[in-house]
Every structure is written in C-alpha cells, then in structure tokens.
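Go by the hints and put chain D onto chain L.
Order-wise, the sequence lines are chains L and D.
Take my numbering: the last position of the first sequence gets the number 318, and nothing is skipped along the way.
Take my numbering: the last position of the second sequence gets the number 318, and nothing is skipped along the way.
No wet-lab data here; the hints were simulated from the structure.
Heads up, a few of these hints could be off.
Same chains, same label: a pair holds when it works inside one copy or across any pair of copies.
Each computed DSSO-like pair below joins lysine-lysine, with the alpha-carbon atoms no more than 27 Å apart [as the list claims (entries may be wrong)]:
no.	residue 1	residue 2
1	Lys29	Lys78
2	Lys167	Lys311
3	Lys276	Lys140
4	Lys19	Lys78
5	Lys276	Lys235
6	Lys78	Lys14
7	Lys138	Lys78
8	Lys167	Lys14
9	Lys14	Lys92
10	Lys201	Lys177
11	Lys92	Lys192
12	Lys167	Lys140
13	Lys14	Lys192
14	Lys228	Lys19
15	Lys276	Lys12
16	Lys240	Lys167
17	Lys19	Lys29
18	Lys228	Lys311
19	Lys12	Lys192
Protein chains: 2
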Amino acid sequence: MLSEFEFIGNIKSKYGLGKIGDDCAVLPKNSETDLLLTADMLVEDIDFLLDWTTPEFLGHKALAVSLSDIASMGGTPKWAMLSIAVAENLWKTDFLDRFYAGWFALANEHGVELIGGDVSRSPDKLVIDSTVCGEVAKGKAILRSTAKPGDAIFVSGTLGGAAGGLKLLENGYGHGKHTSDFLQNLILKQLKPQPQTGLAKLLHTHGIATAMIDVSDGLSSDLFHLCKQSYVGAKIYAEKVPINEGLVRHFPTIECLQMALDGGEDFELLFTVDEKDISLLNSPAVTLIGEITANIDIIELTDEGTSSILKPGGYRHF
Amino acid sequence: MLSEFEFIGNIKSKYGLGKIGDDCAVLPKNSETDLLLTADMLVEDIDFLLDWTTPEFLGHKALAVSLSDIASMGGTPKWAMLSIAVAENLWKTDFLDRFYAGWFALANEHGVELIGGDVSRSPDKLVIDSTVCGEVAKGKAILRSTAKPGDAIFVSGTLGGAAGGLKLLENGYGHGKHTSDFLQNLILKQLKPQPQTGLAKLLHTHGIATAMIDVSDGLSSDLFHLCKQSYVGAKIYAEKVPINEGLVRHFPTIECLQMALDGGEDFELLFTVDEKDISLLNSPAVTLIGEITANIDIIELTDEGTSSILKPGGYRHF
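Isolated chain L (complex conformation) (with noise of 0.2 Å):
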C-alpha cells in the first residue's frame, strides 16, 4: 500500500507541480510580497477524539496547525477560511459557537481574518479543513529545501510533549480531570498547541535560518522530509535533543526519547543554521541537536558514542 508521502509525491511527479512539497506554496503578490497557502485536514476519531478534548481546544487546533505551517516559512498570517462538515447532533447543540470562539481567540492574537469557508452536513463525524493565507517578503520564504551540507540543526522548545499528552489521554488522564500541573501541561500541549510565529518572525527578520520546517509529524519524518527536498542528509546527537520535562517526570527514560524523536504535533521549529551565525543563536529558546551532511536522505542518530540510522517514524495516515 502507498504511503501517503508516496502519493503525493506520485501525483506531483505525474502532474508536474512545482508549487507542492513545502510547508505553504508560496505565490506572487506584488513587488515586495509573496503570498504563502496552505491547508490542513482534521478528522474525527483519527486526528482528534471529541471525548478528549473541548470545542474551544479544538477549534484552537485548527487554527495554530494552519499558523505553524505559516511560521515555518517566516509568514506572517492575514486571512483564513474554514470548512466543517458537522453531524446534526452537534449542530443542534453549543458545540460551533463554542468551537468559533476558541478559533477566534487565537485568530485574533494573531491577527487573522476569518474571509470564507463552507458548512456541510455530515453523516457522522466532524471534518475541520483549515486554510490560511499569510505574506512573506518577496523571494524570502525560508523552504525545506535549502538546507547546506555543514549548516548546523536547531529545534525550538522541547519535544515529546504533545506526544507524551496523547500517551495520558490514552490512558484515561484528561484535561482538568488531575491536579498535577506537569500531566496538564502535556496534555495542553496535545490538545492546544501553540505554534511558534513570535520565533518564526525573528529568524525571517535576521536571515538566520537557512531551511525550516515545522514538527507536525515528528522530529524524523520533519527531518527527513527537510533533507529529502534539500538532497541533504543529517546527523543528530540524541544526548542533545530536547526532551519535554513533563515527559521525564512520568515516563521511562527510553521511551522519553523515541516521543521526542518520533512524536508528531509539538509544533516547534526544525531549521538548519549556517556555521557562522551559529554564535547569534544563543538563547535557552532554541537548542543545536545535530548537523547537515552530504549523505543524502540518511540521518545518522549518535547516542552515547554508538551510531545507528534513524528511520521517520510517527504517525502516518497511510
């Protein structure tokens, strides 16, 4: 069975798009600006439970996955469109209003206009397809593909967290439901993640970030995916990778690290630095956990002086 990678990758091949494999296609607008687009899918009971979460939350999500892919390539957000198929039983109840005011929060913080969308009746589940459209200065997108054998890997935050969230709500922890403030906060970093433009927006003023692109699927694929587009390959020291500290707190060291290699949804920034703007970079913010190297499409895991090959893994909806 094709992955959905494969997929997109043969549709694109096939058809000949040049404008598809990065966070947002990028557009022209005018002399100064590019347009940037982009669009994300949220399903009932594959992307989201709605036992598990709140209408306000979920709205929330639908919006920042959208900011984050924006943030990935330096934009800024201007307008969105939202497209919901809702089953009648939800219809009838405050589920929307409540669902548009926790959309609309974090809208406003950013400053994104609500400019279109659709409502569809559904049959059973909630479907959520979000689009924004943001700008960029012209010719200043910072893509996946530009990444240089030698540029050092950054990564924003710490991760794991939305991972190690999605591990509690599994187990029956919820939000609200328990006092430790350490269990809430990863189970908020799954359920209401925030996407990292304040962090997007100084990297694309000072030119610092040679490639970019968001942790939506997990540390690996990201990476992969960023060397993959850049014919690039990688090498990430596992002592250095920033895990969530919520996470080491309650779950086993081993396991700590594969959610903060393979766990998807923390929505920080993976992006390549040259060499010498290394020293610019000096901030608890971000974290150097590895380099770019010549061997294309292969990112080497060093950890405690063994070598191994880290494959993507995470999430994959094929």
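Relative to chain L, chain D alone:
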C-alpha cells in the same frame, strides 16, 4: 434549529466579518489585480453517493463547484488546493488516481495549478474540501450586493437539469445505463457540471452585470441571497424561466417549474443588468426572467397573471 445561513450570519455579525457574504472573498493583490478565494466541501452520502458517480466525475465536480464561484465574481481561476479525507478501503484501490484524473482534466482546461492541500485518513466517509484562488481586475469583482431596483434579471443556460438528474439517480437510473441521450444529459448535469467561466469573462470584460451569483443552491435561494445582499427585492416571470428541455420531456410540467425554481447545482449564472444595457444581451445563451424591485427581500413570482411570493427553496444542509 438554526439554518446554515442563519448560523453563518450570526458568526459574521458576532465577529464583524466584512469579507464574508459573497461567492468568493476579495483580497488585495497589487495595484492592478484583486485575489478571489473560495472553499467548497463535498461530503459522501450528503453531497454525493459513490454508487451514483464515478471517481472521475467526482474529481471534476469537486473543482467545478469552486470554478463556478470564481466565475460568478467575473474572475479567472489560477491556483487550487485539495484536501481529502479517505477511508482505507478506498485508498487501496485506484479511486484516487481516477479522482485526480477527473480533477486535472478540468483544471488543465482552465489553466488551474494545484499548489497544495492535505490528505487524511477517514474512518468511513470520503470528504473533499476544494479551495480555489483566482484573480480579477482591481475593484472589478462582480458582487452580490450591487443590484438596484429597475435592473433586469438574467440567467444563463437552462435550469432544473441537475435536479432532474438527481431525481433520475434516486429513481434507479444511472450514468451509462440508458441509451436515451436526454436522460444521460440530465444525469451529467448533476454529476459533471460545467462552470460558466466563458460567459462570466465576457460579462466581466464588457462590464454588463451589475451583480452576479451562481445558481448552486437553486434559483429561488440564490436570487434571495442576491436580493438580501443588495437590499432589494425581485419579480420573476414564471413563463420566462428557461427550463431544461430534457426535464420537460421526462417530468410533468408543474414539477419541472418547481425543479427549475428550487433545484440546485445547475451552476448557471444569475445576474442583473442595467435597463440601458439589456439590448447588449441579445443571445440565446442568456434569458431575461424578471426585474429587481425596491421590495426588500421579497421575491414575487407571476405565473399566468397570478402573483405569489417565492420563498427560498431547495436543499439545505441545515
């Protein structure tokens, strides 16, 4: 229970959304051009049945409905995104290859480039969200909100064909199952609609239409949308409504008029024209069916000398 239009109206006024309420949102591009953006969701077992259509027709229709929105603003479609949630049993077949073949056949006809989207797993039903981005000369998008009393009301092509096709499908007829051309044509009106991009371009170039909308919900509903946005009313002459010929051959006369007035998905253009320009439209491709009045939100239907109020009818998701 709120209707979908009431729901959208509430969200629009609660959050002060100025760009919602037409077929497309209009965004600034550069000094010469505006952008048009539209999204349309199609849900299995609500908007289509897999047993009734082919993957190619469905791919065609997913794009056609959005091209019709761009056409109704007088725009030219340029780029598209396609988000699709698909169940594993369908993923394993050649369904998506054939779906994309249908999509690209129409896209290539119109010079539309696929620039992004999303692929997700669905627990059962197929859900498609189509986004199209087009262009129109700056300040020249043809809106719903600019009709004025005294304007003539025109519609392109004929009406009721898609509704007739749907009724045939419901009654066990199918595409390719029957030799009668006129039944096949009705079914194709439903399964493979043709957006009126050529006529839209002509109307736009000559600046003839004072307001425009596409007939997607049904004449009575779409004319109501146009009147509501323009703060006007309308008078329609039943005997002038161009009813699909095949419909007349297969269905009783009284049912035909109802299908032409309320049946959705014909994707013809409904537009208004200043009285002085009526003579410019001496073409069999369009029909004068009535006029705009000052009776805000009231649509009067005159039929053989008697007059009644035409309520917005046709299919509603909610």
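*With 27 Å as the alpha-carbon cut-off, assign the pair Lys78 and Lys14 to within, between, both or neither.*
between (32 Å within a copy, 19 Å between copies)
*Tell me, please, which holds for Lys240 and Lys167 at an alpha-carbon limit of 27 Å: within, between, both or neither?*
within (23 Å within a copy, 64 Å between copies)
*Give the relationship of Lys276 and Lys235 under a CA distance limit of 27 Å: within one copy only, between copies only, both, or neither.*
So Lys276 and Lys235 pass the 27 Å test inside one copy only (18 Å; across, 73 Å).
*Within a copy, between copies, both or neither: where do Lys167 and Lys140 come within 27 Å Cα-Cα?*
Neither. Shortest intra-copy (38 Å) and inter-copy (53 Å) distances fail the 27 Å Cα cut-off.
*If the cutoff is 27 Å on CA atoms, where do Lys276 and Lys12 land: within, between, both or neither? Let me know, please.*
Intra 35 Å, inter 50 Å, cutoff 27 Å: neither.
*Using 27 Å as the alpha carbon limit, work out where Lys14 and Lys192 are close: within a copy, between copies, both or neither.*
The answer is between: 23 Å across copies meets 27 Å, while 37 Å in one copy does not.
_Homo-oligomer pair classification [Lys192, Lys12; C-alpha up to 27 Å]_ = between (32 Å within a copy, 25 Å between copies)
*Alpha-carbon proximity context of Lys92 and Lys192, limit 27 Å*: For Lys92 and Lys192, only the intra-copy Cα distance (25 Å) is at most 27 Å; the inter-copy one is 33 Å.
*How do Lys29 and Lys78 come out at 27 Å by Cα distance, when the copy is not named: within, between, both, or neither?*
both (13 Å within a copy, 13 Å between copies)
*Check Lys138 against Lys78 for me: Cα-Cα at most 27 Å, and say if that holds within a copy, between copies, both or neither.*
For Lys138 and Lys78, both the intra-copy (16 Å) and inter-copy (19 Å) Cα distances are at most 27 Å.
*What label fits Lys201 with Lys177 when the C-alpha limit is 27 Å: within, between, both, or neither?*
Cα proximity of Lys201 and Lys177: none, with 36 Å in one copy and 58 Å across.
*Indicate which option fits the pair Lys19, Lys78 if close means a Cα-Cα distance not exceeding 27 Å: within, between, both or neither.*
Answer is both: 20 Å inside a copy and 13 Å across each meet the 27 Å cutoff.
Checked against the numbered hints above, the structure violates hints 8, 10, 12, 15; every other hint is satisfied.
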